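Letter by letter, the chains look like this.
4 protein chains.
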Amino acid sequence: MNTDRKNVIGIMGPGQNAKESEIDFAEHLGELIAEEGLVLLTGGRATGVMQAAMKGARNKGGETIGVLPGKDPHEASDHCSKVILTGMGNGRNIINVLSSDVLVFIGSGPGTVSEFGLALKEKKPAILGPGAEKLWELASAMDMPPVIFRSADALEIIEIIRRSISTRISK
Amino acid sequence: MNTDRKNVIGIMGPGQNAKESEIDFAEHLGELIAEEGLVLLTGGRATGVMQAAMKGARNKGGETIGVLPGKDPHEASDHCSKVILTGMGNGRNIINVLSSDVLVFIGSGPGTVSEFGLALKEKKPAILGPGAEKLWELASAMDMPPVIFRSADALEIIEIIRRSISTRISK
Amino acid sequence: MNTDRKNVIGIMGPGQNAKESEIDFAEHLGELIAEEGLVLLTGGRATGVMQAAMKGARNKGGETIGVLPGKDPHEASDHCSKVILTGMGNGRNIINVLSSDVLVFIGSGPGTVSEFGLALKEKKPAILGPGAEKLWELASAMDMPPVIFRSADALEIIEIIRRSISTRISK
Amino acid sequence: MNTDRKNVIGIMGPGQNAKESEIDFAEHLGELIAEEGLVLLTGGRATGVMQAAMKGARNKGGETIGVLPGKDPHEASDHCSKVILTGMGNGRNIINVLSSDVLVFIGSGPGTVSEFGLALKEKKPAILGPGAEKLWELASAMDMPPVIFRSADALEIIEIIRRSISTRISK
Numbered sequence: 001m002n003t004d005r006k007n008v009i010g011i012m013g014p015g016q017n018a019k020e021s022e023i024d025f026a027e028h029l030g031e032l033i034a035e036e037g038l039v040l041l042t043g044g045r046a047t048g049v050m051q052a053a054m055k056g057a058r059n060k061g062g063e064t065i066g067v068l069p070g071k072d073p074h075e076a077s078d079h080c081s082k083v084i085l086t087g088m089g090n091g092r093n094i095i096n097v098l099s100s101d102v103l104v105f106i107g108s109g110p111g112t113v114s115e116f117g118l119a120l121k122e123k124k125p126a127i128l129g130p131g132a133e134k135l136w137e138l139a140s141a142m143d144m145p146p147v148i149f150r151s152a153d154a155l156e157i158i159e160i161i162r163r164s165i166s167t168r169i170s171k
Numbered sequence: 001m002n003t004d005r006k007n008v009i010g011i012m013g014p015g016q017n018a019k020e021s022e023i024d025f026a027e028h029l030g031e032l033i034a035e036e037g038l039v040l041l042t043g044g045r046a047t048g049v050m051q052a053a054m055k056g057a058r059n060k061g062g063e064t065i066g067v068l069p070g071k072d073p074h075e076a077s078d079h080c081s082k083v084i085l086t087g088m089g090n091g092r093n094i095i096n097v098l099s100s101d102v103l104v105f106i107g108s109g110p111g112t113v114s115e116f117g118l119a120l121k122e123k124k125p126a127i128l129g130p131g132a133e134k135l136w137e138l139a140s141a142m143d144m145p146p147v148i149f150r151s152a153d154a155l156e157i158i159e160i161i162r163r164s165i166s167t168r169i170s171k
Numbered sequence: 001m002n003t004d005r006k007n008v009i010g011i012m013g014p015g016q017n018a019k020e021s022e023i024d025f026a027e028h029l030g031e032l033i034a035e036e037g038l039v040l041l042t043g044g045r046a047t048g049v050m051q052a053a054m055k056g057a058r059n060k061g062g063e064t065i066g067v068l069p070g071k072d073p074h075e076a077s078d079h080c081s082k083v084i085l086t087g088m089g090n091g092r093n094i095i096n097v098l099s100s101d102v103l104v105f106i107g108s109g110p111g112t113v114s115e116f117g118l119a120l121k122e123k124k125p126a127i128l129g130p131g132a133e134k135l136w137e138l139a140s141a142m143d144m145p146p147v148i149f150r151s152a153d154a155l156e157i158i159e160i161i162r163r164s165i166s167t168r169i170s171k
Numbered sequence: 001m002n003t004d005r006k007n008v009i010g011i012m013g014p015g016q017n018a019k020e021s022e023i024d025f026a027e028h029l030g031e032l033i034a035e036e037g038l039v040l041l042t043g044g045r046a047t048g049v050m051q052a053a054m055k056g057a058r059n060k061g062g063e064t065i066g067v068l069p070g071k072d073p074h075e076a077s078d079h080c081s082k083v084i085l086t087g088m089g090n091g092r093n094i095i096n097v098l099s100s101d102v103l104v105f106i107g108s109g110p111g112t113v114s115e116f117g118l119a120l121k122e123k124k125p126a127i128l129g130p131g132a133e134k135l136w137e138l139a140s141a142m143d144m145p146p147v148i149f150r151s152a153d154a155l156e157i158i159e160i161i162r163r164s165i166s167t168r169i170s171k
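First to last, the sequence lines map onto chains A, B, C and D.
Under my numbering, the residue at position 18 of the first sequence is numbered 18, and the numbers go up by one with no gaps.
Under my numbering, the residue at position 91 of the second sequence is numbered 91, and the numbers go up by one with no gaps.
Under my numbering, the residue at position 131 of the third sequence is numbered 131, and the numbers go up by one with no gaps.
Under my numbering, the residue at position 171 of the fourth sequence is numbered 171, and the numbers go up by one with no gaps.
Think of the hints as simulated: they come from the structure by calculation, not from any bench.
A quick note: this is a predicted structure, and the numbers were derived from the prediction, not measured.
Just so you know, not all the hints are guaranteed correct.
Just so you know, same-sequence chains aren't split out, so a pair can sit in one copy or run between any two.
Straight-line C-alpha distance at most 20 Å; calculated DMTMM-like pairs for lysine to aspartate or glutamate [unchecked claim]:
id : residue 1 : residue 2
1  : K134      : E36
2  : K55       : D4
3  : K123      : E75
4  : K123      : D72
5  : K121      : E156
6  : K123      : E133
7  : K19       : D4
8  : K123      : E137
9  : K60       : E159
10 : K19       : D153
11 : K134      : D4
12 : K121      : D72
13 : K6        : E137
14 : K121      : D24
15 : K123      : E36
16 : K55       : E137
17 : K121      : E75
18 : K60       : D72
Whenever a hint applies, use it, and build me the whole structure from the sequences.
See below:
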């Protein structure tokens with residue numbers, strides 16, 4: 001296994017319908033992820049939580065991967081340092097989930113909910129951040145709860161990411 | 001548009017972790033869907049809600065399409081009259097959603113949650129049946145609620161399906 | 001394994017750029033496939049080889065599955081008795097290949113070439129019909145030739161299909 | 001459009017069945033791509049043309065993206081600096097094609113042929129390198145030939161890449 005490869009943290013959240021507070025949180029968390037030397041992965045579009053998180057990461061010199069629904073590179077946010085074009089619409093959500101070592105959810109639009117379901121299904125460590133609290137009850141009602149956390153504190157989220165990575169190590 | 005083509009109703013729900021009551025409800029709803037002359041679509045595997053719904057539909061002479069995650073036809077339930085092999089794992093969930101004119105959710109495992117999120121995203125009529133009630137609160141908290149219904153009564157669900165089809169007509 | 005389920009034959013070929021002779025051949029082969037009691041699967045659009053093959057099959061009372069690149073049901077040919085909407089663009093080609101027990105290629109546009117490559121990769125029985133002869137040389141140059149045939153005679157193609165099915169039996 | 005983002009060059013070719021000369025060529029071309037400051041994208045597995053091309057690029061300090069068929073990160077070559085896990089099997093081939101600004105084909109296994117068909121379909125600039133010459137005749141027989149080149153000279157391929165990028169500019 002390549003020990004140089006950096007771990008990838010996915011931040012999932014709404015586009016156009018993201019709330020101001022979610023956008024601010026995403027940008028701050030993106031900064032912290034970059035400062036940790038981790039790679040940020042998002043849905044790649046130039047809007048909402050994905051755009052904000054990538055902006056934060058890039059401002060701190062971090063790397064960002066955007067996995068886009070369409071096939072037009074112009075749809076990608078300028079804050080993507082790498083762009084993956086899938087042409088698969090929302091079918092690309094599974095790729096966001098599988099390609100991330102840990103997932104953080106901010107807000108809870110329809111796409112976010114689908115990615116959370118896939119994270120549970122694929123047993124990925126998932127952290128419910130601001131605006132995604134309501135997904136907690138959903139998950140705790142399931143028979144076999146996977147590795148889920150919740151926190152509205154960015155530093156605590158980074159701490160959970162560190163621990164998740166050190167126990168799973170899937171680069 | 002082909003006026004002979006039958007409308008397709010997707011029933012989504014857990015596999016191995018489905019509850020007895022959910023399995024019974026799925027089988028009964030499958031029967032009613034077949035009696036309406038509608039085609040049933042599921043995730044196609046030989047377990048849980050999908051298997052039960054297709055069994056019900058087939059017992060009443062209905063047609064069933066199973067959209068499978070894998071590429072081995074032996075994974076398909078015997079109650080699939082048509083099998084679609086995707087080889088895309090849970091990436092196939094988007095196909096379940098897009099190929100159904102109306103979706104009914106029974107139970108709420110991880111995969112079900114992902115399909116519900118995708119149904120919201122794609123603005124498909126979605127009916128929350130037994131075991132899927134907890135998805136209601138999630139949806140109603142969203143800013144732009146799409147066409148969602150809830151009911152634990154199979155006959156009422158059929159009535160909602162009839163109305164959804166007559167207003168949307170997307171064969 | 002479900003012994004009632006009918007085998008599925010995929011016919012792959014160009015859309016807009018199909019030649020007149022390829023369209024005629026596809027329609028005739030579609031008729032024969034229906035008369036054999038087999039299900040026809042195509043890319044589902046209302047043009048070229050796919051449209052013609054499904055028209056032939058439907059005229060003889062056969063069943064047809066169209067696996068579409070988009071998510072708009074209006075893009076499906078009226079000759080699809082079942083429509084699968086993938087929203088995955090040309091990413092859906094793998095589904096055409098995996099869901100067919102035997103594949104017949106008529107003509108050789110870009111999409112056809114991609115499906116032929118996938119058929120080789122997935123070791124599916126593949127028959128090169130009229131207009132697809134040039135794919136033969138390509139395949140025979142490969143180190144491990146899979147199950148490939150060529151024929152420009154519709155009745156002979158049906159005979160090859162029968163034999164392929166009886167030796168593989170993957171319903 | 002992000003003017004900092006580097007263009008992505010896809011190198012497609014066989015895995016286990018790659019010839020020695022194809023592997024050597026791929027490694028050398030990978031080196032040159034890195035020296036041009038371009039990003040290399042491949043199918044990501046630890047074998048054949050993909051592995052060799054990425055090894056070359058990494059040895060010259062370049063960046064490499066591996067788009068994998070499976071969901072196990074251990075299947076990725078150590079020479080991937082970024083790993084995209086799709087879980088879509090050969091369905092991921094479309095992502096390789098769409099995410100590359102220019103594609104180079106070395107060798108011609110089944111998967112390579114499928115990716116070449118998709119490159120034609122998506123009108124991507126495509127360069128046929130050593131072992132892929134036989135795809136030339138196939139493409140030139142099509143009615144609407146897209147942007148295809150052939151060359152067995154690595155420096156000339158780099159020159160074609162430069163020209164393709166400067167005329168298309170799709171970062």
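Against the structure, the hints:
no.	hint	in the structure
1	K134 to E36	neither (28 Å within a copy, 37 Å between copies)
2	K55 to D4	between (24 Å within a copy, 14 Å between copies)
3	K123 to E75	between (30 Å within a copy, 18 Å between copies)
4	K123 to D72	between (31 Å within a copy, 13 Å between copies)
5	K121 to E156	neither (25 Å within a copy, 31 Å between copies)
6	K123 to E133	within (19 Å within a copy, 23 Å between copies)
7	K19 to D4	neither (36 Å within a copy, 29 Å between copies)
8	K123 to E137	within (17 Å within a copy, 24 Å between copies)
9	K60 to E159	within (18 Å within a copy, 35 Å between copies)
10	K19 to D153	within (17 Å within a copy, 36 Å between copies)
11	K134 to D4	neither (37 Å within a copy, 39 Å between copies)
12	K121 to D72	between (30 Å within a copy, 15 Å between copies)
13	K6 to E137	neither (32 Å within a copy, 38 Å between copies)
14	K121 to D24	neither (29 Å within a copy, 24 Å between copies)
15	K123 to E36	neither (24 Å within a copy, 38 Å between copies)
16	K55 to E137	neither (31 Å within a copy, 32 Å between copies)
17	K121 to E75	between (29 Å within a copy, 18 Å between copies)
18	K60 to D72	neither (27 Å within a copy, 30 Å between copies)
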